[in-house]
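Trainee: I would like the entire structure built from these sequences, with the hints used as guidance.
Residue numbers (our numbering), protein chains in the order written: chain A, 26 to 229; chain B, 26 to 229.
Calculated directly from the structure, the hints in this document are not laboratory data. Computed from a predicted model, the values in this text were never measured in an experiment. Keep in mind that a hint or two might mislead.
Heads up, the list lumps identical chains together, so a pair's fine if it works in one copy or across two of them.
Unchecked claim - Calculated cross-link-like contacts (lysine to aspartate or glutamate; reagent style EDC-like; alpha-carbon spacing at most 20 Å):
1. K88 <-> D174
2. K212 <-> D56
3. K212 <-> D172
4. K212 <-> D202
5. K214 <-> D202
6. K212 <-> E106
2 protein chains.
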Amino acid sequence: MPKGQPSRVPDDGLTTRQRRNRPLLMVHTGDGKGKSSAAFGLALRGWNQGWRIGVFQFVKSAKWRIGEQTVLERLGRLHEETGEGGPVEWHKMGSGWSWSRKQGDEVDHASAAVEGWHEITRRLAEERHDLLILDEFTYPMGWGWVDVDEVVDVLTHRPGHQHVVITGRRADPRLIDAADLVTEMAKVKHPMDAGQKGQRGIEW
Amino acid sequence: MPKGQPSRVPDDGLTTRQRRNRPLLMVHTGDGKGKSSAAFGLALRGWNQGWRIGVFQFVKSAKWRIGEQTVLERLGRLHEETGEGGPVEWHKMGSGWSWSRKQGDEVDHASAAVEGWHEITRRLAEERHDLLILDEFTYPMGWGWVDVDEVVDVLTHRPGHQHVVITGRRADPRLIDAADLVTEMAKVKHPMDAGQKGQRGIEW
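Mentor: Rendered as structure tokens:
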């Protein structure tokens with residue numbers, strides 16, 4: 026998208042620079058592909074700026090997005106080895122979060138989602154990351170596992186300069202209201218409609 | 026997006042495996058953000074599969090997407106150094122393509138776009154890449170600098186197993202017809218609407 030001029034200048038008492046550098050709450054929603062890929066594309070850019078990247082995947086399968094995880098964690102190790110870019114942490118719910126003692130069959134997904142959200146709340150308070158990607162987080166919000174009003178409140182009042190991207194279908198209207206940037210990825214055409222199943226490198 | 030079942034099985038004489046592994050022509054269009062970021066997110070996954078990635082940026086500014094370029098080229102060097110992932114080539118039109126002798130002020134953008142497309146045609150015939158990203162390529166198509174029917178013909182008949190992603194607004198209906206996967210990134214809300222200009226790490 027070409028860099029443009031804002032369509033109006035708001036009466037919010039901020040200078041252009043303050044407004045420009047305001048941290049963003051971004052939502053990628055809709056039924057089409059690219060919601061998470063676009064978030065990880067943004068992580069590339071952020072890593073290159075030296076940002077501390079934190080990915081929190083609210084998914085059940087540990088295999089999901091293994092390609093992106095491998096590469097972003099590799100970039101994190103590159104940062105440790107050479108100082109290039111920024112540090113990367115990738116946590117997935119899968120069969121229990123990596124910081125949790127609960128693993129495998131004993132995990133209750135609703136409780137795990139709540140635990141993930143509590144950890145994110147703590148990290149936001151501590152300003153641990155410059156970019157947080159809460160991948161597929163609309164689902165635990167939609168299923169009522171985490172309280173939408175609480176999520177919106179915590180995100181709206183997060184301190185410092187922390188960008189947050191939330192991905193997933195059916196984003197709650199309250200989240201969309203609170204967000205600065207919302208893109209809907211709409212499915213125009215998908216190979217599954219023509220009988221083609223997902224394939225390596227494209228879907229995972 | 027969860028892995029699903031196809032909604033119907035086509036009568037195309039292909040086995041499920043053949044159909045699954047069919048190379049895809051993908052289009053990311055629409056007025057919203059994330060079209061290119063999602064393509065570069067896909068490149069992460071492809072790189073991790075060892076794919077040979079080729080990015081061709083049909084943009085005028087050499088500064089555009091410098092973050093993504095830096096990181097993907099870094100991954101390309103990592104491949105050369107360690108054998109991890111796959112090789113990466115990134116070419117941008119900017120003030121002349123890197124393979125061209127014409128540089129700087131003498132560049133005519135329409136001619137440069139045609140030259141870029143001819144190079145891509147040659148590379149497709151030679152099967153030089155496993156994933157080609159033609160970033161912002163809808164614009165030279167829309168401006169009539171390259172012939173849409175020719176582009177669709179070359180892409181439809183490309184040999185081997187080459188995935189292609191084309192990004193940009195206002196994709197031609199003939200391109201959408203020919204594509205296997207089309208996502209429209211629709212703008213629901215953008216910070217510029219609230220008077221916020223683009224910022225480092227988010228827009229570039």
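Trainee: With reference to the structure, classify each hint as holding or not holding.
Mentor: Evaluation of the provided hints:
1. For the identical chains of this complex, K88 and D174 are neighbours neither inside a copy (31 Å) nor across copies (40 Å), given an alpha-carbon limit of 20 Å.
2. Taking the closest pair of Cα atoms, K212 and D56 come within 20 Å of each other both inside a single copy (6 Å) and across two copies (14 Å).
3. Taking the shortest alpha-carbon separations for K212 and D172, neither the intra-copy value of 28 Å nor the inter-copy value of 26 Å comes in at or below 20 Å.
4. When the C-alpha separation of K212 and D202 is checked against a cutoff of 20 Å, the pair qualifies only between copies, where the shortest distance is 14 Å, while the shortest distance within a copy is 23 Å.
5. Taking the shortest Cα distances, K214 and D202 sit within 20 Å of each other only across copies (9 Å), while inside one copy they are farther apart (28 Å).
6. With identical chains, the CA atoms of K212 and E106 are never at most 20 Å apart, being 41 Å at best within one copy and 39 Å at best between copies.
The structure fails hints 1, 3 and 6 (numbered hints given earlier, in ascending order).
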